[in-house]
Each structure stands twice: as C-alpha cells, then as structure tokens.
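Got chain A; can you put chain B on it based on the hints?
As you go down the protein sequences, you meet chains A and B in turn.
Just so we're on the same page, our numbering is the position in the first sequence counted from 1, plus 710.
Just so we're on the same page, our numbering is the position in the second sequence counted from 1, plus 11.
Quick caveat, the hints were computed from the structure, so don't treat them as lab data.
These numbers were taken from a predicted model, which means no experiment stands behind them.
Certain hints may be false.
[Said to hold, decoys possible] Sample of chain B residues with no beta-carbon within 12 Å of chain A, all distances over it, derived:
id, residue
1, 19
2, 70
3, 105
4, 130
5, 143
6, 250
7, 254
[Said to hold, decoys possible] Cross-link-like lysine-lysine pairs, in silico, DSSO-like; alpha carbons within 30 Å at most:
id, chain 1, residue 1, chain 2, residue 2
8, B, 23, A, 947
9, B, 150, A, 730
10, A, 947, A, 730
11, B, 221, B, 150
12, B, 87, A, 943
13, A, 943, A, 731
14, B, 124, A, 947
15, B, 221, B, 188
16, B, 124, B, 13
17, A, 943, B, 135
18, A, 947, B, 79
19, B, 234, A, 947
20, B, 272, A, 943
21, B, 234, B, 276
22, B, 188, A, 947
23, A, 947, B, 87
24, A, 1020, A, 730
25, A, 943, B, 13
26, B, 143, A, 1020
27, A, 730, B, 268
28, B, 221, B, 87
29, A, 731, B, 150
30, B, 143, B, 79
31, B, 221, B, 124
32, A, 730, B, 104
33, B, 272, A, 947
34, B, 221, B, 23
35, B, 104, A, 731
36, A, 1020, B, 150
[Said to hold, decoys possible] Example chain B residues on the side facing chain A (calculated, C-beta under 10 Å, incomplete):
id, residue
37, 24
38, 35
39, 62
40, 63
Here a beta-carbon is modelled for each residue, glycine too, at the ideal position from N, C-alpha and C.
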Amino acid sequence: MLRKALIICWRGLAEVWHQKKLMVFLVSYPLLFMLIFGSAFGGEGSAITVDVAMVMPSNGSSDAIMDSFIDIFENMDGINLKMYSDTGDPRDVQSEQLIQDDDVVLVIFMPEGFMNVNSTQTRLDIYYDVAADQSELSIGMSITSGIIEEFSSAIFQQSLEASVYQEGRFTEEDLELIEILSSPLEADYNAITPSGERELKYIDYLVPGLVAMSMLWTGVSGASTSLVEDRVKGIRKRILSTPTSRGSIILGDMLSQLIIVCLQIFILLLVAKFMYGLNIIGSYWLTALVILIGSLSMIGIGILIANFSKTAEEASQIGLLVNFPMMFLAGIFFPLSAGWMQNISKVFPLTYVNDALRGVMVRGYGISEVRTELAISIVFALLVLGLGIIMLNRSEAV
Amino acid sequence: MKSVEVDGLVKKFDDLTAVNEISFDIEEGEIFGFLGPNGAGKSTTVNMLTCQLNKTAGNARICGIDIKDASAIREKIGIVPQELALNDMLTAKQNLYLYASLYNVPRDVIRTKSEELLDAMGLKNRENDLVKNFSGGMKQRLNVILGLMHRPEVLFLDEPTTGMDSQARRMIWDFIKRINGEGMTIFLTTHYMEEADYLCDRVAIIDEGKLQAIDTPGNLKKKLKDKEILEVQIEFDENLIEDAESVDGVLNAIYDKGVLKLFIKDRDRLLLDIAGVLSNRPIRSISSVEPTLEDVFISITGKKLRD
Chain A
711 MLRKALIICW RGLAEVWHQK KLMVFLVSYP LLFMLIFGSA FGGEGSAITV DVAMVMPSNG
771 SSDAIMDSFI DIFENMDGIN LKMYSDTGDP RDVQSEQLIQ DDDVVLVIFM PEGFMNVNST
831 QTRLDIYYDV AADQSELSIG MSITSGIIEE FSSAIFQQSL EASVYQEGRF TEEDLELIEI
891 LSSPLEADYN AITPSGEREL KYIDYLVPGL VAMSMLWTGV SGASTSLVED RVKGIRKRIL
951 STPTSRGSII LGDMLSQLII VCLQIFILLL VAKFMYGLNI IGSYWLTALV ILIGSLSMIG
1011 IGILIANFSK TAEEASQIGL LVNFPMMFLA GIFFPLSAGW MQNISKVFPL TYVNDALRGV
1071 MVRGYGISEV RTELAISIVF ALLVLGLGII MLNRSEAV
Chain B
12 MKSVEVDGLV KKFDDLTAVN EISFDIEEGE IFGFLGPNGA GKSTTVNMLT CQLNKTAGNA
72 RICGIDIKDA SAIREKIGIV PQELALNDML TAKQNLYLYA SLYNVPRDVI RTKSEELLDA
132 MGLKNRENDL VKNFSGGMKQ RLNVILGLMH RPEVLFLDEP TTGMDSQARR MIWDFIKRIN
192 GEGMTIFLTT HYMEEADYLC DRVAIIDEGK LQAIDTPGNL KKKLKDKEIL EVQIEFDENL
252 IEDAESVDGV LNAIYDKGVL KLFIKDRDRL LLDIAGVLSN RPIRSISSVE PTLEDVFISI
312 TGKKLRD
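This is chain A alone, in the form it adopts within the complex:
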C-alpha cells in the first residue's frame, strides 16, 4: 500500500514539476507578499532607535566616573536611554518586566562602586531580549559593546599613565594587575526570553503569518483543484481500475500536496532568514510539527471542497470563498483589535495554527505553552481529513 502511495505521490509531484509557471508562482507569491508587507509596514529605511534601560544601584550612590559613562549613552545617536533604579528583585525578573512593559531591548545593570573601576575589574550585567527585532537588537548590542570597549580602554590608558611614574620592574602580581587594568570594565550578556504577552513588532507578525498563508492557499486550493481534476478527467477511475487501493491513492495525493506546501514554506523561511534576518526562537522541530499539522488541516479542507465541487473552476471559487475570510480573520497580517473580530477568529482553524506558530517562532514557546492551540489544530485536522476521506470513498463507491 505504501509503495503504491509513493507512486501516486510521485505522479502528483512530477505533474507540478512540469508546470513551470505554477512552480514559479508557488515559490514567488509568498515572497512577493513578504516584500510588499515587509516594506509597507515593517518600517525599513527609517532610522532605528533602540530603547535601552539602565538600572542604577538601589543605594543611589553615584560618582563622576559613572556619570560620565552614562553620559556617553545619553548622547549616543540611536540609543534611547531610560533610567530605572534597582528594585532588589532578581535581575532576570526585573529585566523581563522591563522588556515586556517598557519595550526595551537591552537592560544594563550598573554595579555598586563603579568608581573603583580603575583599581579592580568591574563587571556589568546586561540582559537582552531574544525576541526583539533582529536589526534593533544587533544595533543596540554593537553600540553598547562599542561604548564599553572605548570606555574600558580609556580607563586603562589613564591607569597605565599613572603607573609609568612608579619605579621598578613589574612583579608577577603586577602582571596580573595589568591584565585586570587592561580591561577594567567587562560586560556579561544574558539572554532573556520573554514569556508573557507584550506588543509585537509588525515583522514578528509577518513571517509566521506568511507561513500560515502558504498553507492556506497552497493547501486548500492545491488539494481541491487537483482532486477534482482527477475525477473529471477520469484519471481517478482509471487508477482505481488498477490493483490500487483507495487508501493508497488518498495517502499518495495527500503526501504530494503536503510536500508541495512544506517545500514552499521551507523556501519562504530560507528567504526570510537570509534577507530579513529571521530568527526562529522556539524549537525548529516544534515549528515543523505545527507547520505539518496546519498543512494537513488545510489539505483536509481542500479534500472537503473537492467533494462538493463538480469542476475545478467550481472548486477554486469555493476555495476563494473559504480562504479570504479565513486569511483576514485569522490574524495573519494584522493583530485583531476589535473584540468581535477576535470572537469570529475563534471559528477558523487557521487562527490556532497561526497562534501556535507565532508562539513558537516569535516567543519561543515550548510544547506545553501551545498545547491548547496544537490540540485544537490536531482535532480539526483529523476531523476534516477523516470526513473528506469518507466522502471521497463514498462518492465513488463501487
């Protein structure tokens, strides 16, 4: 049965392979969407400013050296510095709160006794938002590390000049001291993965949305039209007249559709990665699983539509009727603001696939955090696939 299914699958793929225009279309249209939406709403081109939080020690002590360090940040183009004082909570908890509530990308904790920087090594604790817009994050990081390096070497220069006036050779302890002196200021970078709700950037919305859109269009339309065409042209009947079970035919057709959808999504993700610096934060496997389940439920909808259509044209019309509301109301391109829209969106299976996908890709959710969405998607996929296959079996019953 599996061998026959693979033959049927090969046939589906070979047919698409020979339709060069269709191939070009399949690859190019999600990319086109990415270009259009990405540049229309993504804010590319405008100067980027990065919100950076600076947390002062709770005892409020300050000194001239610290002030001059903070001054450099305040006067730096591209950095919007926000001042806070230490609440005493663990630093990662404080950072996560600042990242979520105040939308900062970097959190810098100023150590107590910063003025001793020229005699002992001082370490800065820095936390950054893994889920931040990648260009903002990289700009913020490079500016910050640049400032720290500059500042560090300036202090070293001063200390060195001071020690030159002292007589005698350096002892072993001196060498150690010099090493410390050469980098008086060090930063420790810590990644923060925000777990709670917060306002997402548009580009974060876009790529998972485009993935969902590929599933929707290629899955629903591809499956429905190819199945109807096989029926109308008598190819299904002819294949059934060979010693091939219905199960193999359905499995093979589903498999070829699934491969096409997944391949399209793979190309989309590759381009997003290399052109837009997409960073999938959650597990790749979980992302793939969500894509697989989502694609299967969309193909299931396609099979259902095929059962209700007499011609391929009819199938694509019904497909449009199903796809358009789903596309706009599942929150693929825009976060849904109105309450009634959010309620309607709960009807569409794509909403859950989309939420799960966004959770995993953007927020780095694990399987336990998207289990509700995943469970609903799996149940839906099983439901439509099961129903579609039963109807397909019955409609051509021997």
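Positioned in the frame of chain A, the structure of chain B alone reads:
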C-alpha cells in the same frame, strides 16, 4: 477455455433496469464486439465486468474468477476507457511508467515493454514530450497502450477509435489484430459497424438492457438476407418516415444523408405500393442493396448507433 462468462447479469439503478439478465460467453483469444445505441446498457455491463460497478444480480466470471473478487480480476484485465484519462502534465513514458507500476510490473519489464508499445503506436520519437502537447490522435494511441503494459489476458476497449481519421484508425485496428494474434482476448465496444465487421469474431447487440442478437458478423448479415433493403434517394420531409412505414410489409424506415432506407419483406409486391405512397415526392432513384452490419443493427434496434 472461456475468457468471459456472463450469466443472467442484472443492474438496477433505483427503478431503472439498465442491464436486464444478459448472458453470453467469450472464448479465449476471441475479439468480441459489443454494440448498442446510447443508453442501451453497454457501459453498465462493461463497468460491472471490470469491477467498477457492483452488480444487482446474476453472475460473471473472467478467466474463471468471479467478478466479486475485484483485486484478482484487476490483475487479469486491461481497461482502455473511452475518455482520454491521461496525465497531461506527465510525459508519454511517465504515463506508461505510472500505470505499469500500479500494475506491479517490474522496472526492467516496464522499460522494454514501453519501448515496444510506443514503437508500435508510432510514438517513440515523442516519448519524452508532455502529453499536453500531443494531438488528439496521439493521445488516443497512448490511451490504448496504457491498458496493455501488464499483459492482461482480457482487454476491454471502449470505443478506441472515436473521432480518428481512417489512417489512424487502421493503425489501431492492425494493432488490435496483432495483440489478439498473440493470444489476448479482446472485448470491444464500438459504434463503428465497419470496425466491428473488420475486427470482431463475434458481435453482440444490446438494446434496452437486453441482449438482442449474438453471432458472427457474417451470420448476422445472412439472417437479414430474407429481408431486403431498399435505398430510396429522396428529399426529406416530416411525414416521410411515417408514410413509408404505413406501407404494409415495410418493417422499418430510416432516413440518413439523403437516403431513405427501407427494410422490407417482399420487394416485388411492395415496390408499387411504396412508389404509390411516395408518389407526390420526387424520387431520384430506388435501389436494392446488400445488407451491412449496420443494417442488421438498425433492423434489430430500430435505431442508428449514433448520429
């Protein structure tokens, strides 16, 4: 050894009886023609025999296997459907590979067999072209050989030469004769009488779900010998058929392409009557003709096969 045995086969769709207790046998190595007007029950019968439709009652066996055992039957038979069920976006070779592998033909056999069949059908030089770019005739030829890759014992051909020019038709005919010569039993439905006449060892005529006649083409024509056929060249008008059939002794009247065809019993006595009835119409000529298989068909069913 009988290739096909049909015994009281019945198919009912709700209250319509499409096939009404038909029985016949086909000997191994025979070319058997299955004729009938549209809606006579031809396709329904073939669909039941090829396990594409469940029977209502009766029995049928192919190569000794009951048609209830669909998977065993499918290995034994080849089907060439009337509609060109081809994968347009695959090449000719890929189409052959697809169906052959679905019939579990081993790879090396597929290679040699497809070369041989493509060559026989004059498609060898186009084997790597997409079927989409084929002419209608080429598609029909490919359609025929798709059912042959697994060397079936019985081949069901459903109107394989519809719409073909005479040269292409001759090619298919020769091909059918050739594979039949290699021992394959052929079950042919057609509406071309010359095709049935040329190819078939025996023909069956089915009408209104019942088998009306079954014999060799020669014998069927011989049966018609005691009837005679008159061809009258005459203009058509509304009452022509009615008037002609009103003459006592005219069994049947058919008008086609400027010719009124009359099936009559006794020419000498009738000629005057006929002339009398048709007298107000200009008759160009009246001639007596040898019956063809088509005449047999018309006299049995009262219909032409297809307009």
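Open item on the list: For each hint given before, does the structure comply? Return the numbers of the non-compliant ones in rising order.
Closed with: 3, 5, 11, 19, 20, 25, 27, 30, 31, 33, 37, 38
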